[in-house]
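Participant: Protein chains in written order, with our numbering: chain A, 3 to 292; chain B, 3 to 292; chain C, 3 to 292; chain D, 3 to 292.
These are calculated hints, taken from the structure and not from any lab test. Some clues are possibly wrong.
Heads up, the list lumps identical chains together, so a pair's fine if it works in one copy or across two of them.
Derived lysine-lysine pairs resembling BS3-like cross-links, with alpha carbons at most 27 angstroms apart [said to hold, decoys possible]: (1) K104 <-> K204; (2) K104 <-> K194; (3) K158 <-> K104; (4) K158 <-> K204.
Every value quoted in this text rests on a predicted model; they were computed, and no experiment measured them.
Protein chains: 4
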Amino acid sequence: MHIGMVGLGRMGGNMAERLRRGGHTVVGYDRDPSLSDVSGLQELVERLPAPRAVWVMLPAGEPTRQTVHSLGELLEPGDVVIDGGNSNYRDDQEHGARLAAKGIGFIDCGVSGGVWGLENGYALMVGGEEEHVRRLMPIFETLKPAGEYGFVHAGKVGAGHFVKMVHNGIEYGMMQAFAEGYELIAASGLVKDVPETFRSWKEGTVIRSWLLDLLVRALEDDPGLEGIRGYAQDSGEGRWTVQAAVDHAVPLPVITAALYARFASRQDDSPAMRVVAALRNQFGGHAVES
Amino acid sequence: MHIGMVGLGRMGGNMAERLRRGGHTVVGYDRDPSLSDVSGLQELVERLPAPRAVWVMLPAGEPTRQTVHSLGELLEPGDVVIDGGNSNYRDDQEHGARLAAKGIGFIDCGVSGGVWGLENGYALMVGGEEEHVRRLMPIFETLKPAGEYGFVHAGKVGAGHFVKMVHNGIEYGMMQAFAEGYELIAASGLVKDVPETFRSWKEGTVIRSWLLDLLVRALEDDPGLEGIRGYAQDSGEGRWTVQAAVDHAVPLPVITAALYARFASRQDDSPAMRVVAALRNQFGGHAVES
Amino acid sequence: MHIGMVGLGRMGGNMAERLRRGGHTVVGYDRDPSLSDVSGLQELVERLPAPRAVWVMLPAGEPTRQTVHSLGELLEPGDVVIDGGNSNYRDDQEHGARLAAKGIGFIDCGVSGGVWGLENGYALMVGGEEEHVRRLMPIFETLKPAGEYGFVHAGKVGAGHFVKMVHNGIEYGMMQAFAEGYELIAASGLVKDVPETFRSWKEGTVIRSWLLDLLVRALEDDPGLEGIRGYAQDSGEGRWTVQAAVDHAVPLPVITAALYARFASRQDDSPAMRVVAALRNQFGGHAVES
Amino acid sequence: MHIGMVGLGRMGGNMAERLRRGGHTVVGYDRDPSLSDVSGLQELVERLPAPRAVWVMLPAGEPTRQTVHSLGELLEPGDVVIDGGNSNYRDDQEHGARLAAKGIGFIDCGVSGGVWGLENGYALMVGGEEEHVRRLMPIFETLKPAGEYGFVHAGKVGAGHFVKMVHNGIEYGMMQAFAEGYELIAASGLVKDVPETFRSWKEGTVIRSWLLDLLVRALEDDPGLEGIRGYAQDSGEGRWTVQAAVDHAVPLPVITAALYARFASRQDDSPAMRVVAALRNQFGGHAVES
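One chain only, chain A, in its complex shape:
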């Protein structure tokens, strides 16, 4: 089928490529003219046959919001917008309501797969009305991995990004579990070949997983991870997972600890620990370092 793709960066560009390989006709727009098929959103809309489908693959927040608003001005009743970025599910609910008021459909689609998706397919987690999701199924079928897994219509608008958000929260927890295990093994001094230990775990263990496979690859490249600093960004979903949990009074000790470990990794010096050091000095005369 025909589809517009807004945002042709690493993710959007690869997805457009996978769609084209799957036989779809993709009209792409990017603010970088060297990547773009059209001069702007208006031309993109004009180039698509009605009822149109436009996939937005932009950074969450303002860039996505502005594009969805603009598409709301340009599209017609019966068209559908898909937000495949990492938007917060509350933004989806707002975007869905805004477009619905104009008769335009809205689907939120959480996408997992990173740099591996072009070849292996992207796991898709979709929220929206049944009729809109059904209409887009040829697109989803092409993007998802072969086989019976990798796609879910999770619920109404917002459910797709909510589920992707939680997926990422789980991912944070799993990554940190491996990370802590690595640090303890390395600190113990008991293990003569740490990379080989992780490598052996790829079969027969309870913890075998794609993340383990990736860690083994990373350790093959750099056995002591010497070339990497212990500094980890977060991309928003982990924070939103914690905030949603707090809203729902759901305790998330592991996922939150993983998020906080990332926050702490980005501090050169912890203001909180300055307080602890200052207090130890006050009551015990313990020396402080300055």
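Given chain A's structure and the hints, the job is docking chains B, C and D onto it.
Facilitator: The following block gives chains B, C and D in isolation, referenced to the frame of chain A:
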């Protein structure tokens, strides 16, 4: 080769069976005469050709300790004892030293695989001297999964169980990450089909893993996990992981949080939270429940 | 000076009483006519001399919001509204801007002191413009404890409730620290008189504090806390503290753990731990409880 | 009464001074001859009238163990040894049993008070037999703060140090709670005078405490804590508290988080977070810092 197997319960029995299928001659001893090939350890030792290998597959702690001590009395220089149970690595170090004084070898072998191991093979994490490990390789080759993974000689005596202990600590963290994600999705009310959501994650996602596969199976059997109480035992390795981390001053926030969630799951009423409720009542006049 | 007090519940009623004892003229309004001096906000405003000061002491969220909006309609330029409830600092910022557009001042005032404040005074944490705060100082002076502490003008509108929110977050962490210590001592079986142990800590220790004093009182009333269930509510500030921390990428492991312990205390059965139990059953054949 | 004091460092020296001011006769021994009244333990024992009391005030572990063993050789039945250091309660149980076999009493005494104890008195938490504790009461009465608090006979040998250990665990949690609150307030940018905010909390708040008083002092000396590095040691009791909790299956999320924050504060670069960074790079192509 010939090997003695002490302890023919769920794990030991299946491992003996896998060894026999692999062409080895296993003499098994269990205190349950209906499972046992011999009347006692002495007969077991007599039935094995020297240099002997005896695999101990018993609960950690006193049962393993007593059997290793007894074998130390019965075996001869050049024989090897393998502890395949879930012993603490400090016990291994003591057992290894005690047997070494008599010229008897000692290998600690952490085993992962649970009820699936008979068919799929057991992941093995081994500690001990190179010569002892080399001698037992035919046994390890049969027990491990086919292919290049599932076996590591991690280091000296104790390293095998240390590595298995950390494996289980990682497992605790991963399980709790999935558990927290499940609870948040279920609490959100946004997702119409929770089991299908987890099922979709089996391909293309970052969190795809054997634990996810098992969770999908559990949700297929019981979609709301209605038949299961939120009560989780721990088998020792999680505790030892935390204690080892404290010994090494390694922060393990995720693994520890997972362990504590299990502790808390076993309390009908939390004494700590009685204190919190009492304090809220004292300073704020907040009602307490009794 | 003259002041209106909206909300004459436990907190508002006691604060009005303390103000009257301090020589101020308080016109009180409550939706319960038996507590109220006036029939409604309009009469309250009419009974106050200009420039007026109206203190709102209502539940955070909708009740406070509606009253602030109504006062915005009834008051005149130069009047000041003080929100002494437990509002979120973001609400303050909205209320302050709305009233400022009409020339009406707004002060947010976090109040600590609970049921003890009438006699001991209330700790006040204030946000707002210098001129408004200065005007209200006679009121603050009467409400606060005697002496040099118990009042801070923390910053612009919102800063008062932000600081009070963090105060409560710290309180959560401190309460949980005492609670955990209590549970461990009680579980150890080593200590013959737990209440006496806590009582002894009231002098000479690093942890001496008002919360310890309150815990000692609670243990005097009920030495084993037998009459109290381990079930703890939270009143919002703990959640907001965590959410603010996530917004600012500040790791708050202790305060968050304290909040999550409260969440968990309110669950009869943990969905997350059902997942853990189900997974243990899947891979290890461990029995589940139902 | 007469008492020997072994170890005349900061703590022991001040305690000896407080005892002398209280009218007791103290014979002090220190390996530093310039501090010592005697040439060695033998002379110390000879200088004391029977039944003797010897207070050991040395670093926990080997120094205390060796001295207790030596005193066991030098003292006579009916004498009493008091360990006032920061020993682990399990060491006490071993020391108590060893001395009891020779008819020598043993008391473990957890001491809180730090550099403030000489003037204000030391909080004492004592474990041991009733008869030994009763005999030493004149000493305890002099060391403890004036008034009814600051002393508890918590139970048998070991109970004193156990209780002191938990006291320190609670202290870790409380310090971290203040530390996190400080960091969040500082990060918010909303508060114009952070030290004044903490100072205001000294009266009327729920969190008023000696630790708050100390933090206010520290902020008076250095308002932004600019001269202090966020690096905090731990002295053993926090670790033992966590390990005791794990032994007793008691969840201690707050105290453990406080301990782990100290561990993390001492790492220049976190190996665990190198793993997280490496994994993010593997699956998402996220840049790593090196």
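Participant: Since the copies are identical, ignore which copy is meant and state whether K104 and K194 lie within 27 angstroms (CA to CA) inside a copy, between copies, both or neither.
Facilitator: between (65 angstroms within a copy, 26 angstroms between copies)
Participant: With 27 angstroms as the alpha-carbon cut-off, assign the pair K158 and K204 to within, between, both or neither.
Facilitator: Classified as between: cross-chain Cα gap 22 angstroms, same-chain 38 angstroms, threshold 27 angstroms.
Participant: Treating 27 angstroms as the Cα threshold, decide for K104 and K204: within, between, both or neither.
Facilitator: Answer is neither; intra-copy 52 angstroms and inter-copy 37 angstroms both fail.
Participant: Quick one: K158 to K104, C-alpha cut-off 27 angstroms, is that within a copy, between copies, both, or neither?
Facilitator: This pair counts as within: shortest intra-copy Cα distance 18 angstroms, inter-copy 41 angstroms.
Hint 1 from the list above is the single one not met by this structure.
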